[in-house]
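Colleague: Both chains are sitting in their own frames, so use the hints and assemble them into the complex.
Those sequence lines, one after another, are chains A and B. Each residue of the first sequence is one higher than the last, beginning at 1 in our numbering. Each residue of the second sequence is one higher than the last, beginning at 128 in our numbering.
Source of the hints: derived by calculation from the structure; they are not laboratory data. Just so you know, these numbers come straight off a predicted model, no measurement behind them. Note that CB positions come from ideal geometry on N, CA and C, so glycine has one too. Wrong hints could be hidden among the right ones.
[Said to hold, decoys possible] Computed footprint of chain B on chain A, listed as stretches where at least three residues anywhere in the stretch have a Cβ under 8 Å from a Cβ of chain B:
id, stretch
1, 40 to 47
2, 53 to 62
[Claimed, not checked] Okay, the calculated bits of chain B under chain A, using three or more residues with CB under 8 Å as the criterion:
id, stretch
3, 150 to 161
4, 431 to 437
5, 446 to 460
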Amino acid sequence: MNTVPADLKYAKSHEWIRVEGATGTVGITDHAQHELTDIVFVELPAVGRHVKAGEPCAVVESVKTASDIYSPVAGEITEINPAVTDNPALVNTEPHTGGWLFKLKLAAPAELDALLAPADYQKQIAG
Amino acid sequence: MFKRTALWPAHQKLGGKLIEFGGWEMPVQYTGITAEHLAVRSAAGIFDISHMGEVTVSGPGAGAFLNQVLTNDIRKLTPGAGQYSIMCHDRGGAIDDLYAYQLSAEVYLLIINASRIAADVAWLQAQAARYPGDYHLTDASHQYAAIAVQGPRVHEFIATVIPGPSVSAMRVNTVTDLKKNQIGGFNFENHSVLVARTGYTGEDGFEVVGPDNSIVHLWDKFLAVGQPFGLVPCGLGARDTLRTEVCYPLYGHELDENTTPIEAGLGYFVALDKGEFNGRTVLAAQKAEGTTRKLAAFKMTGKSAPPRPHYPLWVDGVCVGQVASGTQSPTLGVGIGLGYVPTAAAKAGQAIEVEIRGQRAPAVIVPKPFYRKS
Numbered sequence: 001m002n003t004v005p006a007d008l009k010y011a012k013s014h015e016w017i018r019v020e021g022a023t024g025t026v027g028i029t030d031h032a033q034h035e036l037t038d039i040v041f042v043e044l045p046a047v048g049r050h051v052k053a054g055e056p057c058a059v060v061e062s063v064k065t066a067s068d069i070y071s072p073v074a075g076e077i078t079e080i081n082p083a084v085t086d087n088p089a090l091v092n093t094e095p096h097t098g099g100w101l102f103k104l105k106l107a108a109p110a111e112l113d114a115l116l117a118p119a120d121y122q123k124q125i126a127g
Numbered sequence: 128m129f130k131r132t133a134l135w136p137a138h139q140k141l142g143g144k145l146i147e148f149g150g151w152e153m154p155v156q157y158t159g160i161t162a163e164h165l166a167v168r169s170a171a172g173i174f175d176i177s178h179m180g181e182v183t184v185s186g187p188g189a190g191a192f193l194n195q196v197l198t199n200d201i202r203k204l205t206p207g208a209g210q211y212s213i214m215c216h217d218r219g220g221a222i223d224d225l226y227a228y229q230l231s232a233e234v235y236l237l238i239i240n241a242s243r244i245a246a247d248v249a250w251l252q253a254q255a256a257r258y259p260g261d262y263h264l265t266d267a268s269h270q271y272a273a274i275a276v277q278g279p280r281v282h283e284f285i286a287t288v289i290p291g292p293s294v295s296a297m298r299v300n301t302v303t304d305l306k307k308n309q310i311g312g313f314n315f316e317n318h319s320v321l322v323a324r325t326g327y328t329g330e331d332g333f334e335v336v337g338p339d340n341s342i343v344h345l346w347d348k349f350l351a352v353g354q355p356f357g358l359v360p361c362g363l364g365a366r367d368t369l370r371t372e373v374c375y376p377l378y379g380h381e382l383d384e385n386t387t388p389i390e391a392g393l394g395y396f397v398a399l400d401k402g403e404f405n406g407r408t409v410l411a412a413q414k415a416e417g418t419t420r421k422l423a424a425f426k427m428t429g430k431s432a433p434p435r436p437h438y439p440l441w442v443d444g445v446c447v448g449q450v451a452s453g454t455q456s457p458t459l460g461v462g463i464g465l466g467y468v469p470t471a472a473a474k475a476g477q478a479i480e481v482e483i484r485g486q487r488a489p490a491v492i493v494p495k496p497f498y499r500k501s
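One chain only, chain B, in its complex shape (with noise of 0.2 Å):
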């Protein structure tokens, strides 16, 4: 049976339509993916996001070990910030992608991919044995219901939800004074919860982690306070487009053990420069000498059916690979799409052919990414 959330009775009551995603029964969208995601672009949307790991490492020793690990430089944060980060084996493949948050000065928490929980929890126990200090490792994702609420007019009415000063991690008057990737622990029905400034939509927005009963509440009350807003519940429809169009990766999509961050372009969150990490070898070789594939956005150019994932790319009359992730793009009208091909062909303008159902589409390569908020 598949695992269900805290939130799994509130979907239910909302006319959730339910799918598998990574061992959970979660919702793929209420009312219909377009419209959900056009109300996150243009007002606001509240995602279960329960079904995503955590895990805290604590200690005098967490913030090496996480250096270890982790491809990003984790001496940047200070309490109550938070980067994106790849975590990588020594062959610089992902193991996952995840976003890493310093609460205070000896405490992290990780938020990883559902469906890599199991699968990174064993990796860090392997790595603690490699790399032995003073910190201890906690898988707390049974302990954590989370959600996200996202768009332009979240800000609007957070506050009277998630009212009062911080308490925990950045210290804010207000939950809106939280900044971009800032987190603060905050008193909700006398339950401390953490607010971060993140998302995964493209759109202002926070992610909110906590108790079940506490995310349980938060979610009626910001549905009641945000509707006049225009807040809609949103599935993983919606947030699977809302991803694709800003290009943001999705595990087992973009990346996988077999593919690094600087081929899927993120080599931004890899920090050659803090020393010795998990991968760095194999990372500086590819940062400096380029690589042979790189992952691409591309867009169909005449009317056609919408790219899906596993679709046959072709450039010049070669299949050069598939597509990893591809959608109608309920924004632009138009199927986009990001996948990998050779370098050379890896530029914008660059026509090629999507492989629908043995007919081959045209499309061209364009800039990453395909939307971004004004």
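Only chain A is shown next, with the shape it has when bound in the complex (with noise of 0.2 Å):
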């Protein structure tokens, strides 16, 4: 059973985020890791790239295939979890939180309006 944690946010390309302050921290969900299976890279932005919302900057891959990720939201990127670049299967044990890709300041806070919250995500995936 994939859970889908009620203190963040979701897109519907299943990325969440986790908003502190203007900071948001930025990972795959447990329903994609779980679709993914066997992570072994991550390839990660370079700190201070500006993202915008949707835009693709990193990679996870798995045995099968590699699949970009998008940022949620527009901001410019302030750290990178070495974690996952040294165990990319951290992704899939701990998705929501030491599996973490990166995090960001919020360029456009108004943009975290149109995630989708844990329960319609819920829904995307259920359906």
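Modeller: See the structure below:
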């Protein structure tokens, strides 16, 4: 069973974002890691890069395929998670916690309103 | 709509993730490619291979016809034996690669790639018009389902699933008496199934071809009997990583109509000494004089994403070709691949680069295969 934590917002493309003040932490959902399985490589954006909402800015690779990861909102990348590049399987085992991918300084916090609430994301992956 | 095998309901029940492959809707994985791959290397896995095609060639002229259209020497077969072979056109390019079994004195069975059934049958019919004789071709692909049961522990339980002596082709008292590449017909629930000691994984194992109902029952029985031995259902994802580790070609990747078996490193299966056959002139010249490019195996040497099909390959700053097959090796834990490079570069130890999303990552040519069973 996939978990959908209540304190996160979700993109239709299966990323989550946790907002604390002006900073958002982004990762892929439990559902997404379940679909990908066997994550063997993670490529993260450079710190300082400016990304738009929906812009591909990371790549998560399973044994079978490479998947683009899209930033849920616009912002400047402020930090990336070295633990997942060292141990990509962390994205499988702790998708919502230790397996986070990058943090960004929100450029347009109003964009958060366009993201899915947990219940809506739950509906999307159930359907 | 994509075609479904007789085992489609079984894949649904097991939660298999289905994808399109060669016009078929097939499971790519059940729990995960790595787990399934490692189960086959250490214990056992069962695969649905019903999408593969079956062609029978029978009659007094069947052997001579097949020796004309295939590269290997069919005369080396005896009833109950099989061999890997390539079907080439006159310029030496591969129409398909296949397994040819002799079932009885005048009956042969070809197991061909799913994606090539229509092309192969059309090609064989054209060749039959070109080389008439006393034989008959039948595309039996729609009559059969098939499974592969692979791994070092399969021999411990397969005779429980398919008991009794064989009744046709290779005569053995029990299925585990079959030797590598041998095929026998066995009774299973009052139907005849063919069991060959062959596979596409680099492990010991068996492939079973039979009517839909028998194969569906065999699938369930194998899972029940094999489970204590570590048998798990495996999808096409693991099938691909397993065959890549042992450098078995996949048609459409390492082989196609513009690629010869000599370039692909399959010269062992090209019997130049058997007399005339399709493509012989070109293949003999390539064997004697060498080819300008060769299929090479490579391993990523730094920390990089796994190589994938079509990624560009670079040697000494020049783009020389592309990746034919590439993946993360579940057994070795590194990125591995196969690709065509200029012959001079196709030597173990040669440094190359794989272009991944615009960045070149270092790799090195290594001897084939990446993995050999102990």
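Colleague: State for each hint whether it applies.
Modeller: Going through the hints against the structure:
Check result for the stretch 40 to 47 of chain A against chain B: holds, 3 residues qualifying (beta carbon to beta carbon below 8 Å, three or more required). Proximity of the stretch 53 to 62 of chain A to chain B, defined as three or more residues with a beta carbon under 8 Å from a beta carbon of that chain, is established by the 3 residues found. A count of 6 residues in the stretch 150 to 161 of chain B with a Cβ less than 8 Å from any Cβ of chain A is obtained; the coverage claim is therefore met, three being the minimum. With 4 residues carrying a beta carbon less than 8 Å from a beta carbon of chain A, the stretch 431 to 437 of chain B meets the three-residue requirement, and the given coverage holds.
Counting residues of the stretch 446 to 460 of chain B whose beta-carbon sits less than 8 Å from any beta-carbon of chain A gives 3, enough to reach three: the coverage restraint holds.
Against the hints set out earlier in the document, no violation occurs for any number.
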